[in-house]
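**Q** Chain by chain, the residues:
There are 2 protein chains.
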Amino acid sequence: MIGRLNHVAIAVPDLDAAVAQYRDALGATVGAPQDEPDHGVTVVFIDLPNTKIELLYPLGENSPILGFLEKNPAGGIHHVCYEVEDILAARDRLQTQGARVLGNGEPKIGAHGKPVLFLHPKDFNGCLVELEEV
Amino acid sequence: MIGRLNHVAIAVPDLDAAVAQYRDALGATVGAPQDEPDHGVTVVFIDLPNTKIELLYPLGENSPILGFLEKNPAGGIHHVCYEVEDILAARDRLQTQGARVLGNGEPKIGAHGKPVLFLHPKDFNGCLVELEEV
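These protein sequence lines map, in sequence, to chains A and B.
Going by our numbering, the first residue of the first sequence is number 1, and it counts up by one from there.
Going by our numbering, the first residue of the second sequence is number 1, and it counts up by one from there.
Calculated directly from the structure, the hints in this document are not laboratory data.
If you're wondering where the values come from, they're calculated on a predicted model, not measured in any experiment.
A virtual CB, placed ideally from N, CA and C, is assigned to each residue, including glycine.
Certain hints may be false.
[What the hints assert, rightly or not] Straight line, CA to CA, 30 Å or less: simulated DSSO-like cross-link-like pairs of lysine-lysine:
id : chain 1 : residue 1 : chain 2 : residue 2
1  : A       : K71       : B       : K122
2  : B       : K114      : A       : K71
3  : B       : K52       : B       : K122
4  : A       : K122      : A       : K71
5  : B       : K108      : B       : K122
6  : A       : K52       : A       : K71
7  : A       : K114      : B       : K122
8  : A       : K122      : B       : K122
9  : A       : K122      : B       : K52
10 : B       : K71       : B       : K108
11 : B       : K71       : B       : K122
12 : B       : K71       : B       : K52
13 : A       : K108      : A       : K52
14 : B       : K71       : A       : K114
15 : B       : K108      : B       : K52
16 : A       : K108      : B       : K52
17 : A       : K71       : A       : K108
18 : B       : K114      : A       : K108
19 : A       : K108      : A       : K122
20 : A       : K114      : B       : K108
21 : A       : K71       : B       : K52
22 : B       : K108      : A       : K108
23 : A       : K114      : B       : K114
24 : A       : K122      : B       : K71
[What the hints assert, rightly or not] What follows is a list of derived Cβ distance ranges for each label pair:
id : chain 1 : residue 1 : chain 2 : residue 2 : range
25 : B       : D47       : A       : K108      : 24 to 30 Å
26 : B       : P64       : A       : P73       : 33 to 39 Å
27 : A       : D86       : B       : E36       : 35 to 41 Å
28 : A       : A74       : B       : L88       : 38 to 44 Å
29 : B       : D47       : A       : G27       : 24 to 30 Å
30 : A       : P64       : B       : D14       : 42 to 48 Å
31 : B       : L66       : A       : A20       : 23 to 29 Å
32 : A       : D38       : B       : L66       : 22 to 28 Å
33 : B       : A20       : A       : L88       : 20 to 26 Å
34 : A       : P49       : B       : G113      : 29 to 35 Å
35 : B       : T29       : A       : L88       : 40 to 46 Å
36 : A       : G67       : B       : I109      : 35 to 41 Å
37 : B       : D86       : A       : P73       : 41 to 47 Å
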């Protein structure tokens, strides 16, 4: 069911420093910051040859990243995103197997303009999983 | 400098349950468990079309995963692994920029039989980074 790893998201406490590090020290191709007010984050995509790293930085007072950075002040890996062909079919299959979908269970439009869902990390080895329909 | 994302490693408290979940609920292609006594882990690779997920389970009393699972009993994303062409050149470049290499600074042979190094998570946004020469 799951397809490609669309991205790995890393929450960072200092976006400029993280951008400089991936660009200069790690020599990666780093995009421009994009504000995503609907998701409460500013994102920077790092293009690797086979997938992307998504740097996440809080945007606004209700950013979902703020709590994560309080618990992990240095930052940390926040989630992985797997691609699926049909997000509603994927959701229904996972719910049948007992996995919980965060929020109201309906897909939202993610940072790439595609429908996304998040699965409860307690049901996936402590790992927050995003599904994105492609 | 960094190339492909070689894998994302997820430490799991119950390897059989995690294997069944990725195989049956997420419908992924899951390999057989491999004991890596030199690294203190049993690993299972999940093949995605563009990269791999590496499930990590402790092997032996001195497993480096035991401490992580004590802090994260449900499991969690443990590290990301980026490919590099020349691991010694990558190490020297990163050290020049102030990044710390774990251990004695010399590459070890990793689970794929290739030279690997780990970088200090405090220097990389709280994210443990493995470099693998390919």
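**Q** Now look at each hint and say whether the structure bears it out.
**A** Hint-by-hint comparison with the structure:
As the CA atoms of A/K71 and B/K122 are separated by approximately 14 Å, the hinted pair is consistent with the 30 Å bound. For the proposed pair B/K114 and A/K71, the alpha carbon gap of about 34 Å is over 30 Å, so the pair is violated. Straight-line distance between C-alpha atoms of B/K52 and B/K122 comes to about 25 Å, which keeps the hinted pair within the 30 Å bound. Between the alpha carbons of A/K122 and A/K71 the distance comes to roughly 17 Å, so the proposed pair stays at or under 30 Å and holds.
Of the pairs offered as hints, the one joining B/K108 and B/K122 holds, with about 21 Å between alpha carbons and a cut-off of 30 Å not exceeded. At most 30 Å may separate the alpha-carbon atoms for a hinted pair to count; A/K52 and A/K71 meet this at roughly 25 Å. Restraint check for A/K114 and B/K122: the C-alpha separation of about 33 Å exceeds 30 Å, so the hint is violated. Distance hint between A/K122 and B/K122 is fulfilled; the C-alpha atoms sit about 25 Å from each other, no more than 30 Å.
Straight-line distance between C-alpha atoms of A/K122 and B/K52 comes to about 21 Å, which keeps the hinted pair within the 30 Å bound. At most 30 Å may separate the alpha-carbon atoms for a hinted pair to count; B/K71 and B/K108 meet this at roughly 26 Å. As the CA atoms of B/K71 and B/K122 are separated by approximately 17 Å, the hinted pair is consistent with the 30 Å bound. For the hint linking B/K71 to B/K52, the alpha-carbon distance of about 25 Å falls within 30 Å, and the restraint holds.
Proximity of A/K108 to A/K52 is assessed by CA-CA distance (about 20 Å); at most 30 Å being required, the pair is judged to hold. In summary, the hint linking B/K71 to A/K114 is not supported, as the alpha carbons are separated by about 34 Å, beyond the 30 Å threshold. Only pairs whose Cα atoms come within 30 Å are accepted, and B/K108 paired with B/K52 is accepted, the gap being roughly 20 Å. Annotation: proposed proximity of A/K108 to B/K52 holds, straight-line Cα distance about 26 Å (limit 30 Å).
Of the supplied pair hints, the one linking A/K71 and A/K108 holds, its CA atoms being roughly 26 Å apart against a limit of 30 Å. Between B/K114 and A/K108, the direct Cα distance comes to roughly 41 Å. Violation of the 30 Å bound is thereby established for this hinted pair. Proposed proximity of A/K108 and A/K122 is supported: the alpha carbons are some 21 Å apart, at most 30 Å. In summary, the hint linking A/K114 to B/K108 is not supported, as the alpha carbons are separated by about 41 Å, beyond the 30 Å threshold.
A threshold of 30 Å between alpha carbons decides the hint, and for A/K71 with B/K52 the separation of about 28 Å falls inside it, so the pair holds. The straight-line distance between the Cα atoms of B/K108 and A/K108 is roughly 43 Å, outside the 30 Å bound, and the hint therefore fails. A C-alpha spacing of about 37 Å is found between A/K114 and B/K114, which places the hinted pair above 30 Å, so the restraint is violated. Proximity of A/K122 to B/K71 is assessed by CA-CA distance (about 14 Å); at most 30 Å being required, the pair is judged to hold.
Against the hinted window of 24 to 30 Å, the Cβ-Cβ separation of B/D47 and A/K108 comes to about 29 Å, which satisfies the hint. The supplied range of 33 to 39 Å is broken by B/P64 and A/P73, whose beta-carbon atoms lie about 23 Å from each other. At about 37 Å, the beta-carbon gap between A/D86 and B/E36 stays in the expected band of 35 to 41 Å. Look at A/A74 against B/L88: about 27 Å separates their beta carbons, and that is not inside 38 to 44 Å.
For the pair B/D47 and A/G27, the supplied restraint of 24 to 30 Å holds, since their beta-carbon distance comes to about 27 Å. At roughly 28 Å, the beta carbons of A/P64 and B/D14 sit outside the given window of 42 to 48 Å. At roughly 35 Å, the beta carbons of B/L66 and A/A20 sit outside the given window of 23 to 29 Å. In this structure, A/D38 and B/L66 break the distance hint of 22 to 28 Å, their C-beta atoms being roughly 40 Å apart.
The hinted range of 20 to 26 Å is satisfied by B/A20 and A/L88, whose Cβ atoms lie roughly 24 Å apart. For the hinted restraint 29 to 35 Å between A/P49 and B/G113, the CB-CB distance of approximately 21 Å leaves it violated. Evaluation of the 40 to 46 Å hint for B/T29 and A/L88 yields a failure: the beta carbon distance comes to about 23 Å. Remark: the range hint 35 to 41 Å for A/G67 to B/I109 is upheld by a beta-carbon distance near 39 Å.
At roughly 34 Å, the beta-carbon separation of B/D86 and A/P73 lies outside the given 41 to 47 Å, and the hint is violated.
The structure shown violates the earlier hints numbered 2, 7, 14, 18, 20, 22, 23, 26, 28, 30, 31, 32, 34, 35, 37.
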